[in-house]
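Engineer: What follows is each chain in one-letter form.
There are 2 protein chains.
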Amino acid sequence: MLKLYSTRSSGNAYKVRLALAHLRLAFTEIEIDIFAGENRTPEFLALNPEGRVPLLQLEDGTILAESNAILFYLAEDTGLVPAGRRGRAEVLRWMFFEQNNHEPGIAQARFWLREVRGGRELRTHDVDRWMEEGYGALAIMERHLAGRAFFVGESLTVADLALYPHTLLAPEGDFDLAPFDNVRAWLNRVAAQPGHMPMDWRPLRYAA
Amino acid sequence: MLKLYSTRSSGNAYKVRLALAHLRLAFTEIEIDIFAGENRTPEFLALNPEGRVPLLQLEDGTILAESNAILFYLAEDTGLVPAGRRGRAEVLRWMFFEQNNHEPGIAQARFWLREVRGGRELRTHDVDRWMEEGYGALAIMERHLAGRAFFVGESLTVADLALYPHTLLAPEGDFDLAPFDNVRAWLNRVAAQPGHMPMDWRPLRYAA
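If you read the protein sequences in the order shown, they are chains A and B.
Letter by letter, the first sequence follows residues 91 to 298 in my numbering.
Letter by letter, the second sequence follows residues 91 to 298 in my numbering.
By construction, these hints were calculated from the structure, which means they are not laboratory data.
Quick caveat: nothing in here was measured; it's all calculated off a predicted structure.
Since the list can't tell identical chains apart, any single copy or any two copies may satisfy a pair.
No farther apart than 25 Å at their CA atoms in a straight line, the calculated lysine to any residue pairs in the SDA-like style are these:
{"hint": "1", "residue 1": "LYS93", "residue 2": "GLY177"}
{"hint": "2", "residue 1": "LYS93", "residue 2": "TRP291"}
{"hint": "3", "residue 1": "LYS93", "residue 2": "GLN147"}
{"hint": "4", "residue 1": "LYS93", "residue 2": "ARG175"}
{"hint": "5", "residue 1": "LYS93", "residue 2": "ARG292"}
{"hint": "6", "residue 1": "LYS93", "residue 2": "ILE124"}
{"hint": "7", "residue 1": "LYS93", "residue 2": "ILE230"}
{"hint": "8", "residue 1": "LYS93", "residue 2": "ARG176"}
{"hint": "9", "residue 1": "LYS93", "residue 2": "GLY174"}
{"hint": "10", "residue 1": "LYS93", "residue 2": "GLY243"}
{"hint": "11", "residue 1": "LYS93", "residue 2": "HIS286"}
{"hint": "12", "residue 1": "LYS93", "residue 2": "HIS234"}
This is chain A alone, in the form it adopts within the complex (with noise of 0.2 Å):
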C-alpha cells in the first residue's frame, strides 16, 4: 500500500491527502510531528536526508519527495491532469507559481505566527515581507479567477489542489481574505466538489 509520512498541520501534506481523497486511493498515514524532532531522526533522514514532509512511499520503497511532484504522479492520467499538452504546461504553470509565489510567504507567515507563535516583534521585517508577497498572490490569483470556476480548463485539476490547502489557512497567518471574492468563490467551489475532504480527515487505514 501506499505510506504517506506526512504532518497533519502541513499544507503541503494537505495537498497530496487531498489528491489521495479524490482518486480514492488507499494509502497508511505515517504522522511525523516535527515539533518534536521527529523528522531528524536517523530513520527519517534515511529516508530523506532533506528531512522535509511529505514523502511518499510507494510499494516497492520507492520515496517521491516534494508534494506537487507527488501530486502530477498520482494525478497522470486521471482527469486531474488535462490530457493536452497544454494543458498540462498550464497545470504545471500554476503549480510553480504556487511553490515560487505563493507558499514561501503566505506558508512561511502562517508557520511564524500561528505554529511557532513567534509574533510580529521577532521578526518585523520577515513578517512584513511575507505578506507582501502573499498579498501579491493573492491578487494575481484573484483577478486570474475572474469569469473562471477553475484555474486551468472547466473542472477540477491538480492545480487547484495545488494552491487549495495554502489559501485555506492563509488567515492562520494574518491574511485577510474579505477583498479576494473570487478567490473565496474558488476556496468553496473546490470544498464543494464530490471526493474533497477537509484538512482534519483520517483515511480508513491508519498506522498506528
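Given chain A, put chain B in place with the hints provided.
Structural biologist: What follows is chain B alone, placed relative to chain A:
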C-alpha cells in the same frame, strides 16, 4: 514560429533558451529590458499581467508562462523528459526544489548584488537570508550528485536544465562554489553536452 520574450541576463530565461537549443527548435527572441520598464508597457502586460519573463508564445498565439512549465512543455516526449511516470516525478521533484529552495535565495542575491548593485549594507538581513538559503540548496545538490552524473537517471533532463543557470550564476551573487566539487563537476558536464549553448548565445533568427 515560437516567440520567446526573454531578458538576456535572466537565469529563468536562459533555462528556456537552453532547452530550445538542445531541442534545435527555431524561435524568434524578443529582448525585454526590465530595467527600462519594458515588462511594464501596456503591450507586455496584455501578454502577461504579472509582467514577468520568460514568456513563450506558440504559433497560434497561446502564451505559456513560468520557465519550468515551459521547459516541461517543450521537452515532453523528447529525451529530456523520462518516458516513465516515476522518472517524470523525479524530474518534477528537482524542478519544484529549484523554484522553492534554490532560485529564491541564489537568484535574489545575484539580482540585488550584481544587477541592482545595491550592496550588502542596505539589505543586510535579506542578503544574509538569501545566502543561507542558497548555500542550503547547494549542499542538497552536492549530496545528491555524489556518484551521479545527472540529477535524474543517466542522461541530461529538464531537471538539469532548470538547475543549471542559477547555479552557474551563483558566484555573481557572492556564492563560493569551491567547496562543492560534485556541483562544479556537474556544471562542466552539463556544459559539455551536445547542443549546449552559453548564456550569451544568440539564435540564428533574432527579432529586429
